[in-house]
Amino acid sequence: MLNVYNTMSRKKEEFHPLKSGEVSIYCCGVTPYNHPQIGNARPFVTWDVIRRFFARKGYKVRYVQNFTDVDDKIIRTANEEGVTWKEISDRYIKAYFEAMDALNVRHADVYPRVSETIPEILAMVQKLVDKGYAYALDNGDVFYSVEKFSAYGKLSGRKLEDMEAGARIEVDERKHNPMDFALWKSAKPGEPSWDSPWGKGRPGWHIECSAMSLKYLGEKFDFHGGGSDLIFPHHENEIAQSQACIGDTHSFAQYWVHNGFITIHDEKMSKSKHNFFTVKEILEKYPGEVVRFFILQTHYRSPLDFSDERLKEAQTSLGRLAVTQQYIDELRGKPGEADTAAELAAKAGELLKAFDEAMEDDFNTALAISQMFALSKEINIYYQAVTVGKTAFDAAHFAQAAKAWADMAGVIGIFEQKEAADDGLTEKLMDLIIKIRQDARKAKNWAVADQIRDALKDAGVVLEDTPQGVRWKRA
Numbered sequence: 114m115l116n117v118y119n120t121m122s123r124k125k126e127e128f129h130p131l132k133s134g135e136v137s138i139y140c141c142g143v144t145p146y147n148h149p150q151i152g153n154a155r156p157f158v159t160w161d162v163i164r165r166f167f168a169r170k171g172y173k174v175r176y177v178q179n180f181t182d183v184d185d186k187i188i189r190t191a192n193e194e195g196v197t198w199k200e201i202s203d204r205y206i207k208a209y210f211e212a213m214d215a216l217n218v219r220h221a222d223v224y225p226r227v228s229e230t231i232p233e234i235l236a237m238v239q240k241l242v243d244k245g246y247a248y249a250l251d252n253g254d255v256f257y258s259v260e261k262f263s264a265y266g267k268l269s270g271r272k273l274e275d276m277e278a279g280a281r282i283e284v285d286e287r288k289h290n291p292m293d294f295a296l297w298k299s300a301k302p303g304e305p306s307w308d309s310p311w312g313k314g315r316p317g318w319h320i321e322c323s324a325m326s327l328k329y330l331g332e333k334f335d336f337h338g339g340g341s342d343l344i345f346p347h348h349e350n351e352i353a354q355s356q357a358c359i360g361d362t363h364s365f366a367q368y369w370v371h372n373g374f375i376t377i378h379d380e381k382m383s384k385s386k387h388n389f390f391t392v393k394e395i396l397e398k399y400p401g402e403v404v405r406f407f408i409l410q411t412h413y414r415s416p417l418d419f420s421d422e423r424l425k426e427a428q429t430s431l432g433r434l435a436v437t438q439q440y441i442d443e444l445r446g447k448p449g450e451a452d453t454a455a456e457l458a459a460k461a462g463e464l465l466k467a468f469d470e471a472m473e474d475d476f477n478t479a480l481a482i483s484q485m486f487a488l489s490k491e492i493n494i495y496y497q498a499v500t501v502g503k504t505a506f507d508a509a510h511f512a513q514a515a516k517a518w519a520d521m522a523g524v525i526g527i528f529e530q531k532e533a534a535d536d537g538l539t540e541k542l543m544d545l546i547i548k549i550r551q552d553a554r555k556a557k558n559w560a561v562a563d564q565i566r567d568a569l570k571d572a573g574v575v576l577e578d579t580p581q582g583v584r585w586k587r588a
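Residues 114 to 588 in my numbering are what the sequence shown lists, from first letter to last.
No lab work stands behind these hints, which were simulated from the structure alone. All C-beta atoms, glycine included, are put in the ideal place defined by N, C-alpha and C. Certain hints may be false.
Claimed, not checked - Estimated spans, in silico, between C-beta atoms of each pair:
#	residue 1	residue 2	range
1	E380	A479	33 to 39 Å
2	A487	E274	50 to 56 Å
3	E394	E274	41 to 47 Å
4	P232	E394	25 to 31 Å
5	R189	D214	23 to 29 Å
6	I494	R123	23 to 29 Å
7	D552	G573	39 to 45 Å
8	E397	H129	41 to 47 Å
9	D243	S420	39 to 45 Å
10	R219	N252	15 to 21 Å
Claimed, not checked - Within a straight-line C-alpha distance of at most 20 Å, the following computed SDA-like cross-link-like pairs (lysine to any residue) qualify:
#	residue 1	residue 2
11	K298	H363
12	K124	Q439
13	K240	E194
14	K490	S430
15	K531	K125
16	K207	P232
17	K261	M276
18	K425	Q410
19	K186	K398
20	K381	Q356
21	K555	A572
22	K398	A208
23	K548	K531
24	K460	Q438
25	K555	K531
26	K240	H129
27	K516	L576
28	K125	K586
29	K466	S483
30	K541	K557
31	K503	K557
32	K555	D578
33	K557	V583
34	K490	E540
35	K313	E229
36	K267	E491
37	K125	D474
38	K586	D421
39	K207	K261
40	K328	W318
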């Protein structure tokens, strides 16, 4: 039984898909005017794990994630550089994929762009005007009338009268209510625009995601997600305009899932405070899988404090699991008909079950990862017993344990970065280096032997002396 925390109800609910065996997801994507920051990455890593888990449980997953490729920030950046808005959005969409590929985030099924969804946006705005939920001004702006939607505020838990009072300092006399929001913006000089019944213009922010999600997922779909900062006003406004357009207050997303903020010294990361880091900058210091692991070691709804220290801790922790992965790779395919790993296989089955239960409890990756460490310990003990000759190798049962490990790693999304093929050159060079060191030790030239060991360690390679000889592994 899978339980998920629904922002709408503010409690965990048992998940019931709209269609048996299928899951539909819409996640708000980036506005591509700069390189994605680490705060942008958290929802996409989170939803990638959720997708992977649903797939592991046998669901057919349809995942849609948009690009807001028409926006004030994009237009401003384009004007500053003297290029077109499309050049800016294309450049940073490419940067987005480079960053997410490094984090092992699998691509969505569809990446709709605002600029490619204008007909659907116009049709939705027109329908809202026709139904009396929106009104057009003489200059071509179209606003949504929040007072027409009686359930406005149900996602965020805010009351309209309280919001009106807080907005009075920014009263726009053109609006019927200070909380009314733009569905269509009249064209301004130097901005991209499209023809509409109200004159040339471009979409407001909130209508874009409504039109794109409805186009690709239909009037009802399972999940809508994003960062907690999107609950209000973005997702609140999406609900109001979408359900008003459809005419059903039970339509649109059935479960609302929001991840917590990434903070620095307990303060929300943001560009305005100049306390943010791009994924590109972080990847210059840490491998992508370390950054991904850092994100997933904390439950997605909890705040995640970012620091070099935390990343180094994640790197060390992932390194411990990587050693187990190397042990598995070493033993995989090795013949052995003994019956010495039955207990290991049974334990792996129990831990995989515990892993699944953790994920079924509101996608608790932190608890799920702890099951990986427990299995890592069991596999390491067995590996040592086999390699020192204490235990004969049991290939069949070990394969079962290795399969459980692979299932866990596949959901968490680690150990997927493949080394470039080198036709065995690395192995040959390491054999040569180890031989030189061994020769130095036989000649009692301890200084040279230690120099080689230390240099390899600095390069990220650890030597291990075993009864079967010297082994090496990446740190």
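Tested hints:
The given range of 33 to 39 Å is broken by E380 and A479, whose C-beta atoms sit roughly 22 Å from each other. With their beta carbons about 52 Å apart, A487 and E274 fall inside the hinted range of 50 to 56 Å. Remark: the range hint 41 to 47 Å for E394 to E274 is upheld by a beta-carbon distance near 44 Å. Taking the beta carbon of each, P232 and E394 are about 39 Å apart, not inside 25 to 31 Å as hinted.
In this structure the supplied range 23 to 29 Å holds for R189 paired with D214, their Cβ-Cβ distance being about 28 Å. Checked against the given bound of 23 to 29 Å, the beta carbons of I494 and R123, roughly 44 Å apart, lie outside it. Judged by the Cβ atoms, the range 39 to 45 Å given for D552 and G573 is violated: they are separated by roughly 24 Å. Between E397 and H129 the beta carbons are some 44 Å apart, a value that agrees with the proposed interval 41 to 47 Å.
Between D243 and S420 the CB atoms are about 53 Å apart, so this pair departs from the stated range of 39 to 45 Å. Remark: the range hint 15 to 21 Å for R219 to N252 is contradicted by a beta-carbon distance near 44 Å. At most 20 Å may separate the alpha-carbon atoms for a hinted pair to count; K298 and H363 exceed this at roughly 29 Å. For the hint pairing K124 with Q439, the CA-to-CA distance comes to about 41 Å; that exceeds 20 Å, so the pair is violated.
Our distance criterion of 20 Å between C-alpha atoms is broken by K240 and E194, whose separation comes to about 38 Å. For the hint linking K490 to S430, the alpha-carbon distance of about 13 Å falls within 20 Å, and the restraint holds. Restraint check for K531 and K125: not satisfied, since their Cα atoms lie roughly 38 Å apart, outside the 20 Å limit. At most 20 Å may separate the alpha-carbon atoms for a hinted pair to count; K207 and P232 exceed this at roughly 25 Å.
For the hint pairing K261 with M276, the CA-to-CA distance comes to about 15 Å; that is within 20 Å, so the pair holds. For the given pair, K425 sits about 13 Å from Q410 by alpha-carbon distance, which is consistent with the 20 Å threshold. Distance check on the hinted pair: K186 and K398 sit about 28 Å apart at the alpha-carbon level, beyond 20 Å; violated. The straight-line distance between the Cα atoms of K381 and Q356 is roughly 32 Å, outside the 20 Å bound, and the hint therefore fails.
Our distance criterion of 20 Å between C-alpha atoms is broken by K555 and A572, whose separation comes to about 24 Å. Our distance criterion of 20 Å between C-alpha atoms is met by K398 and A208, whose separation comes to about 17 Å. A threshold of 20 Å between alpha carbons decides the hint, and for K548 with K531 the separation of about 27 Å lies outside it, so the pair is violated. With a C-alpha separation of about 17 Å, the suggested pairing of K460 with Q438 holds against the 20 Å cut-off.
Our distance criterion of 20 Å between C-alpha atoms is broken by K555 and K531, whose separation comes to about 36 Å. Note on K240 and H129: the hinted pairing is violated, with a Cα-Cα distance of about 31 Å set against a maximum of 20 Å. A distance of roughly 28 Å separates the Cα atoms of K516 and L576; the hinted pair therefore is violated under the 20 Å criterion. Under the criterion of a C-alpha separation no larger than 20 Å, the hint pairing K125 with K586 is inconsistent with the structure, at around 43 Å.
Between K466 and S483 the CA atoms are separated by roughly 13 Å; this keeps the pair inside 20 Å, and the hint holds. A C-alpha spacing of about 24 Å is found between K541 and K557, which places the hinted pair above 20 Å, so the restraint is violated. A distance of roughly 31 Å separates the Cα atoms of K503 and K557; the hinted pair therefore is violated under the 20 Å criterion. Proposed proximity of K555 and D578 is supported: the alpha carbons are some 14 Å apart, at most 20 Å.
Simply put, K557 and V583 have alpha-carbon atoms about 17 Å apart, close enough for the 20 Å limit, and the pair holds. For the hint pairing K490 with E540, the CA-to-CA distance comes to about 27 Å; that exceeds 20 Å, so the pair is violated. The suggested pairing of K313 with E229 holds, with an alpha-carbon distance near 16 Å, which does not exceed 20 Å. Distance hint between K267 and E491 is unfulfilled; the C-alpha atoms sit about 48 Å from each other, more than 20 Å.
Our distance criterion of 20 Å between C-alpha atoms is met by K125 and D474, whose separation comes to about 9 Å. Between K586 and D421 the CA atoms are separated by roughly 25 Å; this puts the pair beyond 20 Å, and the hint is violated. For the proposed pair K207 and K261, the alpha carbon gap of about 41 Å is over 20 Å, so the pair is violated. Annotation: proposed proximity of K328 to W318 holds, straight-line Cα distance about 16 Å (limit 20 Å).
When held up to the earlier numbered hints, the structure conflicts with 1, 4, 6, 7, 9, 10, 11, 12, 13, 15, 16, 19, 20, 21, 23, 25, 26, 27, 28, 30, 31, 34, 36, 38 and 39 and fits the remainder.
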